[in-house]
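Protein chains in written order, with this note's numbering: chain D, 1 to 205; chain G, 1 to 403.
These aren't lab readings, by the way, just hints derived from the structure by calculation.
Be a bit skeptical, because a hint or two may be false.
Which residues of chain G face chain D? A partial, calculated answer using Cβ under 8 Å [claimed, not checked]:
#1 P57
#2 R126
#3 P184
#4 D185
#5 S250
#6 A252
#7 E266
Per label pair, the in silico range of CB-to-CB distance [claimed, not checked]:
#8 P379/G x G29/D: 27 to 35 Å
#9 P120/G x V181/D: 33 to 41 Å
#10 K72/D x K14/G: 29 to 37 Å
#11 Y153/G x H82/D: 26 to 34 Å
#12 S180/D x L155/G: 35 to 43 Å
#13 R106/D x A152/G: 31 to 39 Å
#14 E115/D x H254/G: 22 to 30 Å
#15 G9/G x S180/D: 20 to 28 Å
#16 K388/G x D3/D: 52 to 60 Å
Straight-line distance between alpha carbons at most 30 Å, and here's what the computed DSS-like set of lysine-lysine pairs gives [to be verified]:
#17 K72/D x K96/D
#18 K183/D x K270/G
#19 K72/D x K339/G
#20 K96/D x K131/D
#21 K394/G x K339/G
#22 K131/D x K192/D
C-beta: ideal position from N, C-alpha, C; glycine also.
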Amino acid sequence: MSDYRVLPGPEHFLPPAAASMGIRLPNPGEAHINGVITSEENAYEEAARQFLMAKVPTIFPGPLVLWAWNEKAAKKATAIRHLFNTLKECVQPGQKPMLIPMPDYRPKYPKINPEVEINPNHPNLTIWHNKIDCCIFVGVHCHQANLSLKIIRGGTSCYTIAMCAQAGHEDAMLSIRDTSVEKIMRLADTIKRLKGTVQPRQASA
Amino acid sequence: MAEIKSVIGTQNKKGQTYTDTWKMMNEAPRTPSFFTGSEVIKEALRRASCDVMIAYPITPQSEAAALIGELFAEGYIGDYFRGESEFAVMSQCAGSAFGGARVFTTTAGPGTMRAMENFPMWAGARLPIQMIVTCRGINSPLSIQPDTLEIAYLLNTGMLVWHAETAQDFFDWILKGYMVSEEPDVHLPLALCCDGFFVTHTKDVVNLTPADMCLPPYDPYRSPVPCMDMECPPVRMMRDPFVMKSNYISYATHASWQQEIWAAVERSRKHSIHWLNGLIDTENTDADIVIVASGTAVSQGREAIRLLEDEGVRCGLVKVKTLRPWPEEEIREATKNAKHIFVPEFNVTGWLAKEIRATVPNHQRVHAGPHVCGGMTMPPEIIVSEIKTALGMKTFSLAGRGS
Numbered sequence: 001m002s003d004y005r006v007l008p009g010p011e012h013f014l015p016p017a018a019a020s021m022g023i024r025l026p027n028p029g030e031a032h033i034n035g036v037i038t039s040e041e042n043a044y045e046e047a048a049r050q051f052l053m054a055k056v057p058t059i060f061p062g063p064l065v066l067w068a069w070n071e072k073a074a075k076k077a078t079a080i081r082h083l084f085n086t087l088k089e090c091v092q093p094g095q096k097p098m099l100i101p102m103p104d105y106r107p108k109y110p111k112i113n114p115e116v117e118i119n120p121n122h123p124n125l126t127i128w129h130n131k132i133d134c135c136i137f138v139g140v141h142c143h144q145a146n147l148s149l150k151i152i153r154g155g156t157s158c159y160t161i162a163m164c165a166q167a168g169h170e171d172a173m174l175s176i177r178d179t180s181v182e183k184i185m186r187l188a189d190t191i192k193r194l195k196g197t198v199q200p201r202q203a204s205a
Numbered sequence: 001m002a003e004i005k006s007v008i009g010t011q012n013k014k015g016q017t018y019t020d021t022w023k024m025m026n027e028a029p030r031t032p033s034f035f036t037g038s039e040v041i042k043e044a045l046r047r048a049s050c051d052v053m054i055a056y057p058i059t060p061q062s063e064a065a066a067l068i069g070e071l072f073a074e075g076y077i078g079d080y081f082r083g084e085s086e087f088a089v090m091s092q093c094a095g096s097a098f099g100g101a102r103v104f105t106t107t108a109g110p111g112t113m114r115a116m117e118n119f120p121m122w123a124g125a126r127l128p129i130q131m132i133v134t135c136r137g138i139n140s141p142l143s144i145q146p147d148t149l150e151i152a153y154l155l156n157t158g159m160l161v162w163h164a165e166t167a168q169d170f171f172d173w174i175l176k177g178y179m180v181s182e183e184p185d186v187h188l189p190l191a192l193c194c195d196g197f198f199v200t201h202t203k204d205v206v207n208l209t210p211a212d213m214c215l216p217p218y219d220p221y222r223s224p225v226p227c228m229d230m231e232c233p234p235v236r237m238m239r240d241p242f243v244m245k246s247n248y249i250s251y252a253t254h255a256s257w258q259q260e261i262w263a264a265v266e267r268s269r270k271h272s273i274h275w276l277n278g279l280i281d282t283e284n285t286d287a288d289i290v291i292v293a294s295g296t297a298v299s300q301g302r303e304a305i306r307l308l309e310d311e312g313v314r315c316g317l318v319k320v321k322t323l324r325p326w327p328e329e330e331i332r333e334a335t336k337n338a339k340h341i342f343v344p345e346f347n348v349t350g351w352l353a354k355e356i357r358a359t360v361p362n363h364q365r366v367h368a369g370p371h372v373c374g375g376m377t378m379p380p381e382i383i384v385s386e387i388k389t390a391l392g393m394k395t396f397s398l399a400g401r402g403s
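Whole structure, please, built from the sequences with the hints as guidance.
Next up, the structure:
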């Protein structure tokens with residue numbers, strides 16, 4: 001097993017891909033936290049705790065759920081909206097939950113408007129601008145999610161969570177695989193259950 | 001776009017049943033058949049639910065490409081055509097894969113080299129194309145004979161690279177290869193290499209899976225990058241080319257992109273071990289002498305081991321099945337007891353020996369050879385001679401008859 005741990009950065013001028021450091025993706029029914037395989041139950045708890053601790057917990061929905069290109073995508077979008085509403089209900093004064101879309105993957109020049117979107121080619125701009133200290137990727141194609149996650153780990157101290165519809169992401173600090181509507185709802189339920197039990201941190205990104 | 005539902009148990013237009021691949025490869029009855037490697041490629045593809053095959057003639061893969069044309073005529077392949085050149089073929093493969101097709105092609109030698117620009121592009125675009133490479137000489141003066149030098153050029157493209165020893169490997173790995181390269185966490189092209197003529201043009205007994213079973217179709221919506229579907233909104237993301245402009249942030253993007261390709265190669269390790277029953281095969285690795293080889297050099301090494309045993313010299317064998325992912329830990333473990341590691345190869349540069357030297361501790365143990373190239377055969381006796389010479393044993397020259 002690798003000694004490498006996937007932790008909040010800033011890690012390096014060019015941080016390595018976690019897979020190249022020996023971090024392996026979870027098997028079905030499992031998740032990972034910091035690159036260590038764990039149960040999904042643990043992952044939901046830790047993701048909820050991180051969200052409730054963050055000053056600016058942020059959801060980054062990607063194109064796979066922003067566009068109603070099939071029935072499942074539309075249902076996932078509704079679930080993500082529910083997750084965001086739950087988060088808003090559960091945070092304390094001073095915390096600022098955000099929902100910022102990643103509508104597409106094209107590089108935006110001269111630069112994106114970090115107020116309204118995040119882009120996988122320079123995701124750190126949105127993190128820095130909004131002082132986001134915990135984020136979750138959901139509905140982003142795996143390749144682009146991994147591009148983003150490495151850049152975020154390289155240049156920011158943001159805690160990254162990836163809910164993946166496929167095999168998960170070792171470049172996130174926490175990842176749940178085979179994400180369905182039910183799993184998104186389960187995360188929302190966990191946040192609701194832990195409401196008031198976790199104190200928000202004072203530092204910002 | 002309707003969601004793709006499981007089709008296992010249903011039939012395709014040829015009456016073949018889409019079958020769980022693990023069951024098809026490991027549990028279904030096998031029929032022994034006497035085929036050339038080229039015929040085996042055809043038979044594997046008959047069962048591969050392949051959408052597109054693009055061909056271009058170059059020895060020694062031309063026969064396989066022509067035989068697959070027959071499959072198309074029989075209705076087993078969705079589309080089949082000849083490109084204008086090898087470069088065009090590989091570009092057309094990319095277009096087909098971008099569009100969501102399961103793609104297959106074959107190439108060899110100078111054709112591989114001519115098309116080389118496409119291979120890092122395939123990997124960067126995460127296109128799980130399968131390319132058979134029937135290795136042959138690439139340099140001037142031109143030779144069509146077996147030589148594995150072209151594999152060295154493929155190793156750093158970001159493709160998965162496997163090296164088949166036998167026609168049986170070829171049959172099984174073509175089908176299993178799609179299972180590995182189409183995993184969403186991998187989703188990379190596969191160069192499935194063999195030593196031209198030795199495998200393609202010789203007959204061997206190959207155990208075939210039932211012809212009425214086939215792989216489940218490729219599902220492009222499990223891809224880690226957007227599929228180019230003209231009816232679905234994500235296609236809009238493909239509208240502008242992804243070009244690295246000159247500022248820091250785009251260099252960082254490109255760096256992260258390159259890392260992601262190699263991360264995907266790493267992720268293929270788990271799946272390759274599952275489907276190939278390990279990245280290497282080993283025999284008697286507790287011996288002081290171990291031969292490490294890939295392709296048909298494994299067969300020659302096996303015969304050399306038999307000859308050495310007759311003389312009381314015990315020798316182990318490591319068959320390297322995957323070159324990318326590289327079985328670093330496996331080779332280190334398999335050679336930990338070896339005092340001498342011999343690496344016979346069918347190429348002039350000894351690229352496999354270089355990889356092994358970079359992998360094992362005390363790399364002075366690695367003897368890069370024997371080498372043959374340009375189409376020469378590798379008699380087991382020259383491996384025996386190399387080993388005996390290194391051990392200080394008396395051996396006879398095989399180079400000439402003397403006076």
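Against the structure, the hints come out as follows:
no.	hint	verdict
1	P57	violated, 35 Å
2	R126	holds, 6 Å
3	P184	holds, 4 Å
4	D185	holds, 4 Å
5	S250	holds, 6 Å
6	A252	holds, 6 Å
7	E266	holds, 4 Å
8	P379/G x G29/D: 27 to 35 Å	violated, 53 Å
9	P120/G x V181/D: 33 to 41 Å	holds, 38 Å
10	K72/D x K14/G: 29 to 37 Å	holds, 31 Å
11	Y153/G x H82/D: 26 to 34 Å	violated, 52 Å
12	S180/D x L155/G: 35 to 43 Å	holds, 39 Å
13	R106/D x A152/G: 31 to 39 Å	holds, 36 Å
14	E115/D x H254/G: 22 to 30 Å	holds, 26 Å
15	G9/G x S180/D: 20 to 28 Å	holds, 24 Å
16	K388/G x D3/D: 52 to 60 Å	violated, 43 Å
17	K72/D x K96/D	holds, 29 Å
18	K183/D x K270/G	holds, 25 Å
19	K72/D x K339/G	violated, 59 Å
20	K96/D x K131/D	holds, 10 Å
21	K394/G x K339/G	holds, 19 Å
22	K131/D x K192/D	holds, 24 Å
Checked against the numbered hints listed earlier, the structure breaks hints 1, 8, 11, 16 and 19; every other hint is satisfied.
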